[in-house]
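Trainee: The primary structure of each chain is shown beneath.
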Amino acid sequence: MTGRGAIGLRQRRPPAQHKAVALLLLAPATITLVAWTYWPLLESFRLSFFQWNILPTTPQLFVGLENYRRLLDLPELNTAAINTAIYTFGLLPLTILLPLAVALATQRLSGPMRNLYRGLIFLPMIMAPVVVAIIWRWLLHPDHGLINRGITTFGFDPVRFLQDPDIAIWTILFITGWKLIGFSTILIAAAIAGIDRHLSEAARLDGATEWQVTRELTLPMLSPVLLFLTMLTVLHGAQWSFVYINVLTQGGPRQATTNLYYLLWDYGFGTFAIGWATAAGMLLFALFGVAAAICMRLMSRYAVYER
Amino acid sequence: MNAEAPAIALAPAQASAPRQRVARPPREFGAHLMLALLSLLSVFPIYWMLVSGLRADNDIFSTDLWPAAPSLDNFAYVIESIPIGGMILTTFMVAAVSTVLQLVTGLLAAYAFARWRFAISRVLFALLTVTWLIPAQVIMVPNFVQVSALGLLDTPGALIIPHAASAFAIMILYQAIRSFPEELIDAARMDGGGHMTVLWRVMVPNMRPALASLGILLFISSWNEYFWPLLVTRSVENAVVQIGLQMFMTQEGDQWGPLMAAASLVSLPVLALYLVLQRQIIESFVKSGIR
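Sequences listed follow chains A and B, in order.
96 is the number of the first residue of the first sequence in the working numbering; add one for each residue after it.
-18 is the number of the first residue of the second sequence in the working numbering; add one for each residue after it.
Chain A on its own, in the form it takes in the complex (with noise of 0.2 Å):
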């Protein structure tokens, strides 16, 4: 990022007083980050190696590696991370594959309609997590929700969407992804509308199929954008999943629901197990920074760029 944009400003080594100056135009912003970001992970690793409960006037007990070998023989971390992972992969086909038929099958279509599809599909991004979860929770409620009015309408039994075990998980999947659905469609839709015309214009005319022209073209051209909402997806997805189980399910029922993320909250606030939560935390941490190397490693070597 640093090495691009050359038209604009160019950066100096600076004189010792304009150092001071810089300094102090970076002290707002590093003091907060430093204070709530880096300073608090380091705290959290520190913690990791404690047995506490959270409150000021009870003793940290120092522990050693304690809360690490007790939480890798939890089955409940186990359930978590399996279900981390479906929640992470699961939510794949809604956030890329959905979106890209959507946008390549509408590519063509220009005009005042556009505009309006635009905007009603990008309306649930904008909405609350919160008020998301209420309003499914509403529409998929099992007696009175008007999905389940519909199936029973149709002869068949109503499916407890949030309450059987079995669904549970699949349900609150896509809630996340619904949230999504619109602005990955926009996204990659606006990534097609980037690629000059005229080359697939040319291929066009030597003779390409529609087919040939969307494989051998359009799709090299989009992964970008394709492995960006990818990475964004595997990073963050397991995360966006959060407050949907923790308004709708609780992890339950029977920790069909739980995940990483919600199982740290949960050792952290719900039990106050201090040296559990931050330990886990450093795990997943550890996790998500592997996860994030690879991404990292993909987007620079599959990512083609015009020019």
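I should point out that these hints are in silico values taken from the structure, not numbers from a laboratory.
Hints are supplied without guarantee of correctness; some may be wrong.
[As the list claims (entries may be wrong)] Residues on chain A that point at chain B, a partial pick, calculated with CB under 8 Å: (1) 120; (2) 201; (3) 373.
Cβ coordinates follow ideal geometry from the N, Cα and C atoms, glycine included.
Position chain B relative to chain A; hints supplied.
Mentor: Frame of chain A; chain B shown alone:
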């Protein structure tokens, strides 16, 4: 959120060049159908929330698209049973103050980063670009302990102070400042302007559109924030709307009419903003490619 935002030309979709219209009705029809269905899926749940809020008690389980006799009783009930007006005011204040703070601290830092490079600023910049890698759940315990040690629990300060700066805002503003024409700055400097003069008198007025769209984005995400307020809020009087809504749901359970009215009230400010600034909001989300 991602600092490494997609390095592609995200041209607005409506910019599709005036090309000769190839009349292919069946294809067009399929495209319309697809988008109409997706629009319905996106909008209908929100419509159902608004309509359910307007239904009378005996009409709440109706499946008609419009209530037999629309009434505002549910809204009146919500206003009576929770201090929703105060909550909206608190949330508005918290969101507005954090947005302004993030813009100001972001501008100062972005200017310094764009202008000068030296060892310390390089380290700080690197730290900044990886902030998004740290999930809120990983650092929540020390943050909570810190907030309660400062005596900020259950106050707006607990919501504002930790959010006085945002790495995301700094990155976006950094990019905007980097592409600023240098001649303008040099001219202002030659007229004897200090750095503050350059920043406030030359850059800020020219960056108004960028600042406005970033501001809208920060405001909406603050308005919708749930996780951090959940940790530091104790009482319904000091709750922001999202927490108030969650408390109302826990307390009223399956009172669907009032619940939908409360959810509508909480959404109205953002929906109104969207109605007016729809295009700008979409553009700013797409350009920054966040969340």
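Trainee: Hint by hint, say whether it matches the structure.
Mentor: Hint check results:
1. 120: With Cβ-Cβ at 4 Å, under 8 Å, it holds.
2. 201: holds (4 Å)
3. 373: Cβ of residue 373 (chain A) sits 6 Å from chain B, so the hint holds.
Going down the numbered hints, you'll see the structure goes against none, and every one checks out.
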